Amino acid sequence: MKKLAILGSAIALTLLGNAVTFAKVASTNAPQHSLYNVSTKVVNPEIIIAQADNMTGAWNCNDGGVYFIRQVGNQIWWYGQSSDGGQTWSNVFQGTITGSRIIGSWADVPKGSIRGYGEMTLRISGGRIQKISGGENFGGSVWSR
Numbered sequence: 165m166k167k168l169a170i171l172g173s174a175i176a177l178t179l180l181g182n183a184v185t186f187a188k189v190a191s192t193n194a195p196q197h198s199l200y201n202v203s204t205k206v207v208n209p210e211i212i213i214a215q216a217d218n219m220t221g222a223w224n225c226n227d228g229g230v231y232f233i234r235q236v237g238n239q240i241w242w243y244g245q246s247s248d249g250g251q252t253w254s255n256v257f258q259g260t261i262t263g264s265r266i267i268g269s270w271a272d273v274p275k276g277s278i279r280g281y282g283e284m285t286l287r288i289s290g291g292r293i294q295k296i297s298g299g300e301n302f303g304g305s306v307w308s309r
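Add 164 to a position in the sequence shown, counting from 1, and you land on the number used in this note's numbering.
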């Protein structure tokens with residue numbers, strides 16, 4: 165069993181095999197070296213790591229568009245549109261976060277004139293999202309806030 169208290173934070177993690185337990189610590193006055201036992205259990209520790217950063221918000225992409233992302237648990241949805249208000253292209257995406265990856269499907273919608281669709285795998289890394297596979301006919305490849 166490994167325990168971890170994040171210094172200066174009110175969150176503690178316990179690693180036991182492939183399971184992670186975590187909790188918000190009630191008192192922030194506790195010594196920074198303290199370790200806490202917690203009761204909430206997460207079966208897949210990779211998901212909780214990805215969920216530490218909420219991805220909900222407006223993101224810019226290297227295709228010149230803006231993407232409005234919504235994260236609910238380990239699910240991601242977006243609506244993306246070209247810089248002309250979506251007249252050239254507009255798309256939607258739905259995917260699942262697993263670790264630092266998002267695997268999902270996208271499709272252009274009729275607000276724009278392009279009609280592509282497909283599957284993509286993305287990587288979450290340092291406040292950015294990067295396309296790592298699929299999406300051959302998808303213009304964007306790097307998103308940032």
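Note that these hints are calculated values from the structure, not bench results. A portion of the hints provided could be inaccurate.
To be verified - Subject to a maximum C-alpha distance of 25 Å in a straight line, what follows is the list of computed SDA-like cross-link-like pairs (lysine to any residue):
hint, residue 1, residue 2
1, 275, 237
2, 295, 226
3, 275, 291
4, 275, 223
5, 295, 247
6, 295, 254
7, 295, 246
What the hints assert, rightly or not - Computed Cβ-Cβ distance ranges for the label pairs, DEER-style:
hint, residue 1, residue 2, range
8, 260, 305, 31 to 41 Å
9, 277, 237, 13 to 23 Å
10, 237, 285, 33 to 43 Å
11, 251, 281, 13 to 23 Å
12, 305, 241, 31 to 41 Å
13, 279, 218, 30 to 40 Å
14, 224, 273, 30 to 40 Å
15, 247, 279, 12 to 22 Å
16, 218, 277, 11 to 21 Å
Being a predicted model, the structure only gives us computed values, none of them experimental. Don't be surprised by glycine CBs; every beta carbon is placed ideally from N, CA and C.
Practice item. Note whether the CB distance of residue 260 and residue 305 lies within 31 to 41 Å or breaks it. Key: violated, 20 Å
Point to revise | Whether the CB-CB distance between residue 279 and residue 218 falls inside 30 to 40 Å | key: holds, 32 Å
Exercise for review: Mind checking the alpha carbons of residue 295 and residue 226 for me, to see if they're no more than 25 Å apart?
Suggested key: holds, 11 Å
Practice item. Quickly compare the C-alpha distance for residue 275 and residue 237 to 25 Å and report which way the hint goes. Key: Answer violated: residue 275 to residue 237 is near 28 Å, above 25 Å.
Check your understanding: That 30 to 40 Å hint for residue 224 and residue 273 (C-beta), does it hold up?
Key -> violated, 20 Å
Check your understanding: Keeping to a limit of 25 Å between CA atoms, is the pair of residue 295 and residue 254 held or broken?
Key -> holds, 18 Å
Review point. Is it true that the CA of residue 275 sits at most 25 Å from the CA of residue 223?
Key: Roughly 19 Å between the alpha carbons, so the hint for residue 275 and residue 223 holds.
Point to revise | Hint check for residue 277 and residue 218 - Cβ pair distance inside 11 to 21 Å | key: At 33 Å between Cβs, range violated.
Practice item. State, for the Cβ atoms of residue 251 and residue 281, whether the hinted interval 13 to 23 Å holds or is violated. Key: holds, 19 Å
Exercise for review: Sort out whether residue 291 lies within 25 Å of residue 275, counting only the CA atoms.
Suggested key: violated, 29 Å
Point to revise | Distance restraint hint 13 to 23 Å, applied to the beta-carbon atoms of residue 277 and residue 237 | key: violated, 34 Å
Review point. Are residue 305 and residue 241 spaced within 31 to 41 Å by their CB atoms?
Key: violated, 19 Å
In terms of the numbered hints stated before, the structure departs from hints 1, 3, 8, 9, 10, 12, 14, 16, listed from lowest to highest.
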